[in-house]
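Novice: Use these hints to put chain P onto chain C, whose structure you have.
Residue-level listing of the chains:
There are 2 protein chains.
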Amino acid sequence: MSNEVSQPALQKQFDELVRESDRSRLADFLNYQNISDVAWLIDENEEDAVTIICGLEIQRAAGAFKILDLSAQKHIIQHLPPQKTAELLNELPSDDRTAFLEELPNEAVRELIKLLNPEERRFTLAQLGYPEESVGRLMTNDYLAVEDDWTVLEVLDHIRAFGKDIDNLDVIYVVNRQGQLVDDVRIRDFLLSPPERMVHEMVDGRCIALHVRDDQESANQVFKMNNRVALPVIDDRKVMLGIVTIDDVLWVANEEFSEDMQKMGGTEALDEPYLEIPILKLFKKRVVWLIVLFLGEMLTATAMGYYEAEIQRAVVLALFIPLIISSGGNSGSQASTLIIQAMAVGEIKMQDWWRVMRREIISGLLLGTVLGIIGFARVVVWSQFFPDMYGIHYREVGAAVGFSLLGVVLQGTLTGSMLPIILKKVGADPAVSSAPFVATIVDVTGLVIYFSFAFLFLKGLLL
Amino acid sequence: MSNEVSQPALQKQFDELVRESDRSRLADFLNYQNISDVAWLIDENEEDAVTIICGLEIQRAAGAFKILDLSAQKHIIQHLPPQKTAELLNELPSDDRTAFLEELPNEAVRELIKLLNPEERRFTLAQLGYPEESVGRLMTNDYLAVEDDWTVLEVLDHIRAFGKDIDNLDVIYVVNRQGQLVDDVRIRDFLLSPPERMVHEMVDGRCIALHVRDDQESANQVFKMNNRVALPVIDDRKVMLGIVTIDDVLWVANEEFSEDMQKMGGTEALDEPYLEIPILKLFKKRVVWLIVLFLGEMLTATAMGYYEAEIQRAVVLALFIPLIISSGGNSGSQASTLIIQAMAVGEIKMQDWWRVMRREIISGLLLGTVLGIIGFARVVVWSQFFPDMYGIHYREVGAAVGFSLLGVVLQGTLTGSMLPIILKKVGADPAVSSAPFVATIVDVTGLVIYFSFAFLFLKGLLL
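As given, the protein sequences belong to chains C and P, one line each in that order. Residue 463 is where the first sequence ends in this note's numbering, and the numbering goes up by one at each step. Residue 463 is where the second sequence ends in this note's numbering, and the numbering goes up by one at each step.
Hints in this document: simulated from the structure, not taken from any laboratory. From a predicted model like this one, the values you see are computed outputs, not experimental measurements. Certain hints may be false.
Chain copies aren't distinguished; within one or between two, either way the pair holds.
[Claimed, not checked] Lysine to aspartate or glutamate pairs mimicking EDC-like chemistry, simulated, CA-CA at most 16 Å apart:
| # | residue 1 | residue 2 |
| --- | --- | --- |
| 1 | K224 | D247 |
| 2 | K224 | D69 |
| 3 | K349 | E276 |
| 4 | K84 | E111 |
| 5 | K238 | D183 |
| 6 | K74 | E272 |
| 7 | K424 | E347 |
| 8 | K224 | D37 |
| 9 | K349 | D157 |
| 10 | K284 | E16 |
| 11 | K84 | E201 |
| 12 | K224 | D96 |
In isolation and in its complexed conformation, chain C is listed as follows:
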């Protein structure tokens, strides 16, 4: 059963076997472990990675290789004997192989592709021709197709003859003589059918397929809504090109959510685990956005410069600046996350912008009113206890603070909600409109809103 052996115990056993340098006992040990534990061992023992891969049965080597980090994968390919590299690459599921190749320099890709057998080479080259992040890049050719004019008996014979090396044998795909997809049929249905039955009698034509150029994120939605473990992929002429399996979609979903989150926090996507990314690379991923935001925030210093005389005359105004601009930033951050998240799962499309805007205007007014009232109350109540603090015009100061809060919160919800939609419209990634990005925009306008209300209420009194 899984996880029976703890990882330290595993490491200890492994160390002993490496010390003994008995290759065959090491191989037995490795082939007995779960694939995920083997992958863990490779991660922890980079210097022994090649030994481990060479000790494994080739299918298991491929299974471990595909779940390794890119850096470990590169290390292995660079150090493996050419013969073993060829075996490994040919055994690797085509989608995982393509995912690995697309990260390598062109020259290395050319060299490695030469090692593939003709069929795998043809499939891989076709796959690299589809756009990045498309369904085509996620396909595998590891499936069995049968023709619709066969009998069940012929199908079962075909499965017995060619099924041994196929991983995804749970669903068999039915195509016509032109190679066009007709339907998918579960292997159990063939098993449960009389042998003389014709395949075309078994199909109901209710087959969901992905298009080869579809976005990978849309595949996630299709899997979510349809209870399938694999989906066939077709081109414009409905010719079947491959299948996408749900475990790859789960993998993509995990990665895309990670990227979205990181962007929303105001960092470039890391592409590597946090604890493993070199610290200078981590710095680079963060500093660019931080500088961009900083340059944006500099506008606040410029804006403040315009109001320097007012602050000089009424220092009390300065006290509420952090409170007001942060409230705008917070409401903007709420709105932008809600909208980016809803767009990511397909709940909001660009044409919904007006419905979103209407909702955010109402939300912004409600939220702003609540904060405005609390802000006004704070000034008035404090003035009773500390009469010197806000002076005799505390009511007007309170009104300026209260109305400014209403204004900046409304401004925050509108900016936060519309920016992701606008970014998507111009072809950018909505997740870029991160909380810090929205906050920066709202900070500058928030100052203008605040000093405008201050003029309105305090002109002739303090200003």
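Specialist: Just chain P now, with coordinates in the frame of chain C:
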């Protein structure tokens, strides 16, 4: 093929059939569509939801029901005739049924459970006994188990006899006489084996299983690392209780990421699609956190109050307040998202806190130095063009600004990175340490840092 009929066309056809009120033609139409399209129709035509469900074959009705929103599900159950409700609930996969029941009031659950047949009732009651968000709640009993002392022939006969109603027949589970899980075997392996072979000769004991009380998020990790479409679930004594299928894990992953994102944006998890949640509910989900943050931010007004006299004497100090506190907020937001995200996917565990802290101290010093230098340069350069703006002590003002930036950025990265770990340690959800939450903490301390450096550099000059 999927998506051939556009949704408006689908709606039009549906409207016509409803007008004709020919039940049997409507049923034919509905049974021909993809399940996801039927679910879409139900969503768009709430008043006809019951008609649609009654028109569908019962398996398809269950398939559509389980992907509907909770509100649509409730509507249907409230309006469906009792006989049909019983059929539907019994047909529903047990995990989806439990997911639905756990959202209902206790009394309704009691009534509905009475409608289940004895076997389903027993399983559902057991399932409701496991903690929320545990693997147990995600299980289904829709699988086939065989015993390890059977022959392949006996297994195939068993499959033929009982396989018809089982959805997850691609993998067959092998248990011993005590019901303890021995292994999982693909149906294709039985198909490819000689009939007289014993089951226990086919098992290799390398079977990954989930524990019934494991967290659902950990199941995501196990699926990601092991190429399976379903995993068996066992209890402490290794007795097999059910299976979890990968499509449910994908569903859970999508929901959990949505919740995490919303929390990180400073909102409670919505639990409903953005465009469908009633606006007052949306307001409620947002206002609580916004008020909490606002009350926190009020401390900035208090802190500013302490420095009122200094601002009076050196108004120039006020100009950089938004810039400095926002920079702390931005770096904190970066750090907290990185850490929350890495914790969500299991890359960082609590015991890694020191490694994280070391990385964030270095990152904070680097990032802070960069922003500090830019900030200092900004003050000095501006002073050359606008000599009046920052006065004759512009170098000292620049130094105060620069060192404060270094301080707040370091403070931001430390707060942002440690807070999620501390929250997890005390049993709270790390995602609560949202960008706005971190920003609020950093704002207050940022002011203190800024005025401390101002004292240091400007004492005797401006202050």
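Novice: Hint by hint, note whether the structure agrees.
Specialist: Do the hints match the structure? See the list:
| no. | hint | result |
| --- | --- | --- |
| 1 | K224 to D247 | both (12 Å within a copy, 7 Å between copies) |
| 2 | K224 to D69 | between (27 Å within a copy, 13 Å between copies) |
| 3 | K349 to E276 | between (36 Å within a copy, 14 Å between copies) |
| 4 | K84 to E111 | within (14 Å within a copy, 63 Å between copies) |
| 5 | K238 to D183 | within (11 Å within a copy, 39 Å between copies) |
| 6 | K74 to E272 | within (14 Å within a copy, 43 Å between copies) |
| 7 | K424 to E347 | within (14 Å within a copy, 30 Å between copies) |
| 8 | K224 to D37 | between (29 Å within a copy, 13 Å between copies) |
| 9 | K349 to D157 | neither (48 Å within a copy, 51 Å between copies) |
| 10 | K284 to E16 | neither (41 Å within a copy, 60 Å between copies) |
| 11 | K84 to E201 | neither (46 Å within a copy, 31 Å between copies) |
| 12 | K224 to D96 | between (22 Å within a copy, 13 Å between copies) |
Taken one by one, the earlier hints fail for this structure at numbers 9, 10, 11, listed in ascending order.
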